[in-house]
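Trainee: Residues per chain are reported as follows:
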Amino acid sequence: MSAAPPLAVALESIAACFEGVIPSSICSCSANGTPNVTSLSIVNLIDSRHVGLSYQFFNKTRENILQNPFVQVLVISPETVRQYRLDLRYERTETAGAVFDRVKTRLDAIASQTGMSRVFNLRGVDIFEVLDCRPMNAKFSGEELPRVDLLPQIEEFTARLAACGSLESLISVSLDALSALFGYDHSFLMVPDEDGRRLFTLGSRGFGESGVGSEAWIGEGILGVAAQRREVVRTSSLSREVLYSSAVRSSVERRGEDSLLEREISLPGLPQVESQLAVPLVVQDRLLGILCLQSAAAGRFLSGDERVVRIAARQMAASMALLERAESGVLHDASQPPPAPQPAAASTIRHYQSDDSIFIDDAYLIKGIAGRIFWKLLQSYARSGRVDFSNKELRLDASLQLPDFKDNLEARLILLRRRLQEHCDFIGLTPAGRGHFRLDVQRHLTLEEQ
Amino acid sequence: MSSGQQASIDDELKAFLEGPVSVLVGTRDSRLVPEITRAWGPRVFDRQRVSLCVPLATSGKTLDNLESNGEIAVTFSLPTNYRTIQLKGRLSETAEPAETDLAAVERHRDGFATVNEARGQSRQRIEAFWQAEIETSDVLVKILFVPEQIFDQTPGPGAGRRI
Chain X
32 MSAAPPLAVA LESIAACFEG VIPSSICSCS ANGTPNVTSL SIVNLIDSRH
82 VGLSYQFFNK TRENILQNPF VQVLVISPET VRQYRLDLRY ERTETAGAVF
132 DRVKTRLDAI ASQTGMSRVF NLRGVDIFEV LDCRPMNAKF SGEELPRVDL
182 LPQIEEFTAR LAACGSLESL ISVSLDALSA LFGYDHSFLM VPDEDGRRLF
232 TLGSRGFGES GVGSEAWIGE GILGVAAQRR EVVRTSSLSR EVLYSSAVRS
282 SVERRGEDSL LEREISLPGL PQVESQLAVP LVVQDRLLGI LCLQSAAAGR
332 FLSGDERVVR IAARQMAASM ALLERAESGV LHDASQPPPA PQPAAASTIR
382 HYQSDDSIFI DDAYLIKGIA GRIFWKLLQS YARSGRVDFS NKELRLDASL
432 QLPDFKDNLE ARLILLRRRL QEHCDFIGLT PAGRGHFRLD VQRHLTLEEQ
Chain V
25 MSSGQQASID DELKAFLEGP VSVLVGTRDS RLVPEITRAW GPRVFDRQRV
75 SLCVPLATSG KTLDNLESNG EIAVTFSLPT NYRTIQLKGR LSETAEPAET
125 DLAAVERHRD GFATVNEARG QSRQRIEAFW QAEIETSDVL VKILFVPEQI
175 FDQTPGPGAG RRI
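In order, the protein sequences belong to chains X and V. Numbering-wise (the numbering used here), the first sequence opens with residue 32 and increments by one. Numbering-wise (the numbering used here), the second sequence opens with residue 25 and increments by one.
Only chain X is shown next, with the shape it has when bound in the complex (with noise of 0.2 Å):
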């Protein structure tokens, strides 16, 4: 095959085009010469010579191509505002691959968010080949791709994880990194449950309120999809994605087709998204996590952002798959208790067996694993004055019932830990060498089983 000339304008020079920011237009005709002309909601860029559009309902568009394969789209840069004409060919439709995967994903993951996950069906990726890219208006050429080297401050990213001795340090350096480094300045890490099903918050930066504790199913929204599937979901601009499913959702309410909605649920985080960029943590095909960056203005995360982050949530996740290697061979050496500290006030904790909640005062602190470890402390704590904990110990401690998953031991005592720093001022634990612990008590306790 003779090399095509090239195209006016190269589709990479104007990537941003192609992140779905500004809706671009299309323009079929049929076999019989009428022309129909309808939006799309992104044109996916997938090499340099051609590009995918998702195909979900047969529609005009859809009939036209199979009798006509000449199409034009219209793209608009949402940089520049300026607008490009691309001159297109049907090729073929991808049912399966790593094309198709990844727009399943990401219109499965907005699908699930906004409860249309079974109207939103994507039966095939169309691929076109581009046969000419040029500016609507003559005077334009290509835009200036910004070249930043970010491979300094990549390098100090992996130097500060290098340098965490704890899950706890991981979380907080690492956040705090895609800060300083790479302003990224609104973020969360969320890990799985002991049975994988739901997803918690472990630590936050960049929030009005931490949100730690806060809880997401896996499989179901955006950061639910991108955790079960392990694949990044990256959305530019959210709230026009929002509107055009709520178009979508009335035009289902039309047609009496009422059954096919689900509840919207709403994501976490910063109150007006545009951006998010949801990148799972996993190591050898296991989740770890999921990292997600948030910003309120569109087109915040672009490829470039995407590819950094990939990086930087591989290193997090080797890094604690390897301190959770490294903790659970530390064996625990039993220290003598301190004094209990005297007690200046006087508290009631409050265990409920049938969640694990627990209440200080009537306030509620936390429930599940995290309230049963807790509440194991405050017994032993009561009936002994005993201070001194290691994870080994509550690992094998039988009526815990921790199931068999050994890195989630610490994510919860993190949690826990997280949640009596912010509601209470009178319990702490504090890390005390590798695998061991502290409870810290300031107050005359009463215990009370429900």
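Everything labelled a hint here was simulated from the structure, so no lab data went into it. Fair warning: there could be bad hints in the mix.
Calculated lysine-lysine pairs in the DSBU-like style (CA-CA distance at most 35 Å, straight line) [stated by the list, open to error]:
{"hint": "1", "chain 1": "V", "residue 1": "K38", "chain 2": "X", "residue 2": "K423"}
{"hint": "2", "chain 1": "X", "residue 1": "K91", "chain 2": "V", "residue 2": "K85"}
{"hint": "3", "chain 1": "X", "residue 1": "K423", "chain 2": "X", "residue 2": "K398"}
{"hint": "4", "chain 1": "V", "residue 1": "K85", "chain 2": "V", "residue 2": "K38"}
{"hint": "5", "chain 1": "X", "residue 1": "K407", "chain 2": "X", "residue 2": "K423"}
Given the structure of chain X, go ahead and fit chain V onto it with the hints provided.
Mentor: Frame of chain X, contents of chain V only:
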């Protein structure tokens, strides 16, 4: 091919088409290769004819296509709720815009900027958007056409329903 019929545009639809919508014109050449251009200042006359203005600088091929075969499809979409209507029909004529046409273009651009401002886009950015279209020439050409079919193109499983 055209059906040779005329579609009727009621008052509600006329108000929508003349509102702050995004207007895209589709045509095709003799080889059935499509061409899109953006239009401004849509106006509806007598329920049966629609006029639009397109920048000459961006619409050379569109005007050639209309000259040679007259087939035209125009999509009107409101950025705030994605309500979308497509008109398909045939060219009546192209002409130099009159004062009233240019006033409609100004009104349309202003309304378009206003609805996009409400969605967080600066007026300056929207103005840069249409200014770029007339950067090399500010000449506008009026297209007058007769819609023969009207479609509800609002996204979703029902998109494409004929009205």
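Trainee: Determine for every hint whether it applies to the structure shown.
Mentor: Outcome of the hint check:
With a CA separation close to 74 Å, the supplied pair K38 of chain V and K423 of chain X exceeds the 35 Å bound. Only pairs whose Cα atoms come within 35 Å are accepted, and K91 of chain X paired with K85 of chain V is accepted, the gap being roughly 23 Å. Restraint check for K423 of chain X and K398 of chain X: satisfied, since their Cα atoms lie roughly 21 Å apart, inside the 35 Å limit. With a C-alpha separation of about 28 Å, the suggested pairing of K85 of chain V with K38 of chain V holds against the 35 Å cut-off.
About 14 Å separates the Cα atoms of K407 of chain X and K423 of chain X, which keeps this hinted pair within 35 Å; it holds.
Violated hints amount to a single one, hint 1; each of the other numbered hints is respected by the structure.
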